[in-house]
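All chains should be modelled from the sequences, with the hints used to inform the complete structure.
Below are the chains, spelled out letter by letter.
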Amino acid sequence: MSRVEICSEQDIVLARQVARRAAIGLGFSLVDQTRIITAVSELARNIYTYAVKGWMTVQELNQHTGVVGLEFLFEDQGPGIDDLQMALTAGYSSGQGLGLGLSGAKRLMDEFDLHSIPGQGTIVRVVKWTK
Amino acid sequence: MSKHYEDKGNLSDLYDEWLITMETSIWGRQEIEVISKIESMGLQIFKALQNHIPEEGLGVELPKIITELAKIAQQGKLTPKETARFAFSFRPFLKRLTSTATVERLNQLLDEVGIFSLEVFFNTSDSIIHTQRQDLLELSTPIIKLWEGILVLPLIGTLDSKRAQEVMEKLLNAIVNYESKVIILDITGVSTVDTLVANYILKTAAAVNLLGAKLIITGISPEIAQTMVHLGVELGNIVTRAVMADGVELALALLKRKIVDLNKE
Amino acid sequence: MDKTSLLKIGNVLILSIEGEINDFSVVSMQEMLLGEVKNTSAPGVILNISRLEIMDSYMARVLSDTARMIRLMGSITVLVGVNPMIALTMVDMGLDIKEVQTALNLDGALEMLKGLRLSAEYPEESA
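Protein chains in written order, with our numbering: chain R, 1 to 131; chain Y, 1001 to 1265; chain G, 2001 to 2127.
Check each hint, because a few of them may be wrong.
[Unchecked claim] In silico DMTMM-like cross-links for lysine to aspartate or glutamate, where the CA-CA straight-line distance does not exceed 25 angstroms:
(1) G/2038 / G/2099
(2) Y/1203 / G/2096
(3) Y/1077 / Y/1017
(4) Y/1170 / R/110
(5) Y/1145 / G/2111
(6) Y/1170 / G/2053
(7) G/2003 / R/11
(8) Y/1162 / R/71
(9) Y/1256 / G/2111
(10) Y/1071 / Y/1148
(11) Y/1214 / G/2023
(12) G/2114 / Y/1179
(13) Y/1214 / G/2111
(14) Y/1203 / G/2099
(15) Y/1203 / R/111
(16) R/131 / Y/1126
(17) R/131 / Y/1166
(18) G/2114 / Y/1148
(19) Y/1258 / G/2111
(20) Y/1256 / G/2107
(21) Y/1162 / R/111
(22) Y/1081 / Y/1031
(23) Y/1145 / G/2107
(24) R/53 / G/2023
(25) Y/1214 / G/2107
(26) G/2098 / G/2031
(27) Y/1258 / G/2107
(28) R/53 / G/2020
(29) Y/1214 / G/2099
(30) Y/1162 / R/60
(31) R/131 / Y/1135
(32) Y/1170 / G/2096
(33) Y/1203 / R/110
(34) Y/1071 / Y/1031
(35) Y/1214 / G/2053
Keep in mind the hints are simulated off the structure, nothing from the lab.
Owing to the predicted nature of the structure, the values given are computational and were not obtained by experimental measurement.
Below is the structure:
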């Protein structure tokens, strides 16, 4: 399990490197590696852009059938997301970027969960399983 | 004959008796080679059960032997049932082994051996299926370089999402490797074109565009055309043709080339 | 700045993006590029992204913004070097880079620029 603090743009790069290493370590295919790193980049950048500071945690998951996966948690104490439905719709943006961060990450990963309380913070959980 | 063997005998006596019981059960249909291999494994197992009983688990010897057995089984020589039956055939002999372990422990061990043998059997099956799947994928999606800058991919068979994904990756890599501007995806051999296949085609076209190349779909039969319209399948801007030859003509035109009849010149 | 490198072929500019672009470096990259477009009156700019490891929505935005700026200055942008893995991820995400066409390689890009330039001269072309 690794933890990366995200508060500068350089940390986004670091988060990607950590994600890449973890993905290669679990033997993900090249295209799945790309998906994971891209999703991580989106979610880490969201923290940097909206929350100023947050954390990414990476953890290996094991199903009892022997399938392994990677779980990423992105937590911050930022402003939170007001309208969840809107945020998950492609094209929504309250700031910079194309607003595809959340919905893009959701489409790239196998599992996607989000909890946000406006004014308090946000947690995003994404998982990708090896096939 | 059996009365004579009631007391704890030495190993080779037990083994001979075991051989006799096995003769009537699993090797009826086996080849001589297989039989002698299994027979010698039987002896190894007897030895392992007698001498190398670990406190917990299966230890080192038994898994090795069982894995060997699974290899033979995988070559089609033994069914899962026969494999398990082989493992449990030692049960009647356990209490007669001069082993340091208790009979309870030996019975428990044998149960574990039985389960392990099935596990190994299925794991090997899985990896064989995986390899065969790869081979099948290679065979059924040949990418043909038709001409400089034109690739043809005849798609054959059914398309599930996993296969679609693999074919898409193969296709995109081929475009980059061959530096092909046009790729013709022929779906004459695809049995059904439902919304899943259509979505896959849309995705592929988008990805091909992103690479800077162009996708042409050929092999749209009247039946497929009707099905697609009835299902409401939209292919948008993707260029389609009924017959591959038409697709080839279009591809050549895109590359500013054409086929001429030399006689007419 | 080793994050990008700028070359010229004929009067076409080729910008290769090699390293990490961030909010800080993107402005200077665009300034430098647009300055060159102005000075050389380059009819076309080729953006080479073969060194990019991934394409996320931020990078896509950077590229389409840059292309829009280039267009405002009377030039045209073509993208080159899209990696198949990136293409797949972009399609999965539904990501698009507006304002930019892609070419497979440098030759294709130069040809494309010629074609686009010609069509741009006709009044039928919509802005």
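Evaluated hints:
1. G/2038 / G/2099: Judged against 25 angstroms, a Cα distance of about 19 angstroms means the pair holds.
2. Y/1203 / G/2096: OK: residue 1203 of chain Y and residue 2096 of chain G at ~12 angstroms, within 25 angstroms.
3. Y/1077 / Y/1017: holds, 23 angstroms
4. Y/1170 / R/110: holds, 22 angstroms
5. Y/1145 / G/2111: Holds. Residue 1145 of chain Y to residue 2111 of chain G sits at ~22 angstroms (cutoff 25 angstroms).
6. Y/1170 / G/2053: Roughly 19 angstroms separates the two Cα atoms, so the pair holds.
7. G/2003 / R/11: holds, 17 angstroms
8. Y/1162 / R/71: holds, 22 angstroms
9. Y/1256 / G/2111: Holds. Residue 1256 of chain Y to residue 2111 of chain G sits at ~12 angstroms (cutoff 25 angstroms).
10. Y/1071 / Y/1148: Between residue 1071 of chain Y and residue 1148 of chain Y the Cα gap is close to 47 angstroms, so the pair fails against 25 angstroms, i.e. violated.
11. Y/1214 / G/2023: violated, 34 angstroms
12. G/2114 / Y/1179: holds, 20 angstroms
13. Y/1214 / G/2111: Holds: residue 1214 of chain Y and residue 2111 of chain G sit about 15 angstroms apart, inside 25 angstroms.
14. Y/1203 / G/2099: holds, 20 angstroms
15. Y/1203 / R/111: holds, 21 angstroms
16. R/131 / Y/1126: holds, 13 angstroms
17. R/131 / Y/1166: holds, 13 angstroms
18. G/2114 / Y/1148: holds, 21 angstroms
19. Y/1258 / G/2111: Between residue 1258 of chain Y and residue 2111 of chain G the Cα gap is close to 19 angstroms, so the pair holds against 25 angstroms.
20. Y/1256 / G/2107: holds, 15 angstroms
21. Y/1162 / R/111: holds, 18 angstroms
22. Y/1081 / Y/1031: holds, 18 angstroms
23. Y/1145 / G/2107: holds, 20 angstroms
24. R/53 / G/2023: The hint holds at about 16 angstroms.
25. Y/1214 / G/2107: holds, 16 angstroms
26. G/2098 / G/2031: Roughly 20 angstroms separates the two Cα atoms, so the pair holds.
27. Y/1258 / G/2107: holds, 21 angstroms
28. R/53 / G/2020: Within the cut-off at roughly 20 angstroms; holds.
29. Y/1214 / G/2099: holds, 18 angstroms
30. Y/1162 / R/60: The given pair, whose Cα atoms are some 23 angstroms apart, holds under the 25 angstroms limit.
31. R/131 / Y/1135: holds, 18 angstroms
32. Y/1170 / G/2096: holds, 22 angstroms
33. Y/1203 / R/110: It holds: about 18 angstroms lies between the C-alpha atoms, which stays within 25 angstroms.
34. Y/1071 / Y/1031: holds, 15 angstroms
35. Y/1214 / G/2053: holds, 23 angstroms
When each numbered hint is compared with the structure, violations occur for hints 10 and 11.
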